[in-house]
Amino acid sequence: MDTRFGTLEELIANRFAADLPASGRRALARIARLEVLAPGTVALREGRPTERLGVVIDGRLSVRTRVPGHPDVTLLTLEPGDVFGWSAVLDGTATSSVVALRESTVMVFDRGDLMRVVEGNAGVAAVVYRRLLKTVADRLVRTRLQLLDVYGPGRVAR
Amino acid sequence: MPAPAQRPVRTSPTRPRIGVVKLASCDGCQLTLLDLEDELLAIAERVDIVEFAEATSNRSSGPFDILFVEGSVSTPEQADEIIKLRAATTTLVTIGACATSGGIQALRNWTDHDAVRSMVYPDPSYVESLATATPVADHVSVDLELRGCPISPDQLRELVTAVLVGRRPMLPDEAVCAECKRRGIVCVAVADGLTCLGPVTRTGCGALCPAYGRGCYGCFGPRESANAPGLAGWLVQDRPPAEVARSFALFNAWSPAFRAVIDASGGPPGPIDRATIPETSDA
Amino acid sequence: MIDARTSIPPSRQAFLPRDGLGRLFTALQADGREVIGPTVRDGAIVYEPLDDATALPYGVAARSEPGRYRLETGDPERAFDYGVGLTPWKRVTFPPVVPLTTTVDDEPGLVQAVVPHRRAVALIGVRACELAAIATQDRVLRAGPAGDVDHAARQSGTLVVAVECAAALSTCFCTSMGTGPEVEDGADIVLSEVDGGFTVRARTPDGERVVDGLSLPAAGDEPVAQATAQVAAVRAAIGDPLPTDGLADRLRANPDHPRWAEVAERCLACTNCTLVCPTCFCTSVTVASDLDGVAASTERTWDSCFTLGFGRIAGDANFRPKVADRYRQWLTHKFSTWWDQFGSSGCVGCGRCITWCPVGIDVREELLAIAGPTEPVGPIPWPIAPADGHAPAPLATVAPARYATVHVSAVRRETADTITLRLATADTGLLASRPGQFVMVAQAAQTVPPISISRIRPDGLELTVRNVGPATAALTSLGPGARLSVRGPFGRPWPVESAQGGDVVIVGGGIGLAPLRPVIDAIMRERHRYRALYVYLGARTPRDRLFVDEVQAIAGRTDLEVAEIVDRAGPEWFGRVGVVTQLLDQATWTGERTTAFICGPDRMMQATARAIAARGVAVDRTWVTLERNMACGVGLCGHCQLGPYFVCRDGPVFSLAELGDTFTVEGR
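Chains as they are written, first to last, in this note's numbering: chain A, -6 to 151; chain B, 264 to 546; chain C, 244 to 911.
Calculated from the structure, these hints are not laboratory results. Be aware that one or more of the hints could be misleading.
Stated by the list, open to error - Which residues of chain A face chain C? A partial, calculated answer using Cβ under 7 Å: (1) T58; (2) V60; (3) D65; (4) T67; (5) L69; (6) E96; (7) T98; (8) L133; (9) R135; (10) V143.
Using N, Cα and C, we set each Cβ at its ideal position, and we do this for glycine too.
Next up, chain A with everything else stripped away, as it sits in the complex (with noise of 0.2 Å):
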């Protein structure tokens, strides 16, 4: 495995949820694996059921939509600790493409394992579940800023 990052169980602490007891750690950690992704690869694709969820651990993935008779849009692009296809636990639809723009690696939790995890452990799941909250709204915050720097007043003659 590939240890230049720390354990798995350090990861989850430091990336992902610091707030998970000792034992939601381990049960996590259990289920989780490091992947490193070659530029362009995509690591969840619009459109189709999202299977897994990731936390960026190094490098840069953008997260791109589909616009008809358009190149796809970046809407953003994700960095060490940020998390990609929360809809995993919505039983859900990818929303948008993640793409790595250059080497990265990211850890990966598989949807059915993952759901397995939360439904028996209520702790595990609270945490789980108000880390991917904060994830969504940190994302609809920015969301409101992009779309008020891009439509809205913006600084004018200097």
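Starting from the known structure of chain A, arrange chains B and C on it as the hints suggest.
Leaving out everything else, chains B and C in the frame of chain A:
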């Protein structure tokens, strides 16, 4: 409505093509152009007036760099025409109360159009008119507007100058009161108790009526943030509500701010009461 | 309270018989002065040029209530029984329209300031509250860094003959504001109208000269006693309708009081209150030109914080869109933040705003509802006293607005709508510009926008301009060789040196990088004086990034860290996409010894400030630069007033500690 990008791009930066057209109106605002006696020749040297029925036999259907539109949209032909004119125009300027808010003829918007028409004309089938007289901006997008009944020569001069020079025209949207106070005119509302629409009316006339001891009639229509209900609420303290509503029911009655006051009192009070209109004219 | 009469020995009080008033007029006119005083016109007392004493309002009394004013029959022997007139005296010392600039003959494109001329006038019938107003406005218009030269010239030519009140209006509240009715200071001559004539006190050498020339007898005890009794009766009649103890603090502690919204339903925002107010000083600049835009002039006209356009900036953003915002701005400035800025109340209690409000709004009533003695104080939403460097002292002599001629030596296109002008000048004032300052850029026939300086060079300045309206469109279409008239530099600079010895974080959004570029320049020149340097830049799209070559050049250095992010990009962009706060979320530094400099759109700066605070940077080391409507650049036009500050003069650079919640609350 055509998107801005599809509109004609100004063709000649040195000699803009200017048109003046009218819809339903009295021609008074167009004539203000001719009142710019001192500048008229200088303006004519810098622009091509390609359509102006009151002044020249030139006729054009466009394209126009600047098109001044007088009058409200009152007939089906006008509703079609204004859309064609808009498509042929870079900068469309509405001039006067009719074009900017519907004008005095918009009072008919509160009445039973067919009934009135059959009373006025022996054979109403000759008359093609819409049930409402509406401002140009209800039909097409408008780039600039000159308010007033009629428009102010000074504001017209400023607009033409600004367009030629390439700056934003200085057309203040503040209340008539600001002009009264700068001119040192004694407030006719406070000192004489007159009904004055100055606080809710856009400046531009130079506070003409208050300067002669009359309350403002609201010729220039509502100013920005016009709190017409606030003014009406004060006025009704010592006036019949119908009288207050009537004071708003003039040249700019159909403007949203004034209309709100008129509607709140149940429409413009008289004189159009069908029972009082004779069956036939005895002229 | 000092009584002016007791400070002058009775022997120094003279008596002017009623029929001697004409001699006073003649003496003032012989002094070369136009006499301006009260008279009746169109049913009101107005102050106008008077030919002689017969034009005074003999036998006229006045009755005023909120929104109602009527003249009544008074004592036919008395000329000054009307209270205060409609006209504020500022009409004389600060007229409604004043020429500011003209174009220069034979120098196309350049403008010059109009030199005001002094005019000798005598004001007769000035009340105690009005004296206070004249002094208050004089303090405002003389405050640095450049005062109002036109006002200074007019004020210096003015001789004031005060007449103490012998009658009160129901709208008067000078007693509450501490300005009257007794006349104390500010007049050259003080009259009290009593039976048979006037007691006369000369208060200045100019006044003495006039009074001595009249060869008046001394006033007896009886007229002096009557004058004292009259003014005491006025004081008693007015009472104390607006207790002011603690009012300023309670007012600013209640910015969210529901009454603001209630009064906004009645308020017509018609501007009458501000235009009859004898201390309101806000103005706008209007531009006029010939058809070719060659011969052009600008004028300064009375404006009001009640108009929608007053807080509007290019691009139609508006800082006070709602009438409630504007009413709060006016009342809070007048009764509270005026103290911070000028050391006094902005209200003198003359009551004009009550009388001449066309819907009868009574400020006394509103103030008692919003900030009455039972309303809570605190927490006060911004610092009580402006920090060091704000509220400059009044100028001894008022310097005229100075236009320097600059030459465009190079133009560089930055983005589709933004260019950088390199300006050459030998003007020592401009060359002494500091990072974060701005200049007012005048072009013939255009409005005069404030433009921040994007580089300070040994031989000139650079200005980076985005095309957002006609004036900036004209600037962005200039080519090398063009000439411009420039005023400045203005504003408080970024405190770059205060960051020495610590880390520096610079966050720029879009065109907001322009005023930050001189900060980066200054730090790079003395890199060793600063520890780590982090530069975080946001832009709408990759194509909207400014100074791309320069940013790439410094990004290659090892002694600083540069990170960029864009809001929107296509697949060709391998950089970051998102908002600039994301860059801060990724950062690893902590901020105990960090100074942050932030510039961008308001919402971006607010979000950035939160992210910066989360990293531990103190609010008094987090600096932003604000954008507001500015017509003058030196704290005279009033447009950029914000809490206790003028953004142009006390900013545009502020620390978050200085701004308090004015930084984040809408409508301030």
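To see whether the hints hold, each was checked on the structure:
no.	hint	in the structure
1	T58	violated (11 Å)
2	V60	violated (10 Å)
3	D65	holds (5 Å)
4	T67	holds (4 Å)
5	L69	holds (4 Å)
6	E96	violated (13 Å)
7	T98	violated (16 Å)
8	L133	violated (12 Å)
9	R135	holds (5 Å)
10	V143	holds (5 Å)
When each numbered hint is compared with the structure, violations occur for hints 1, 2, 6, 7 and 8.
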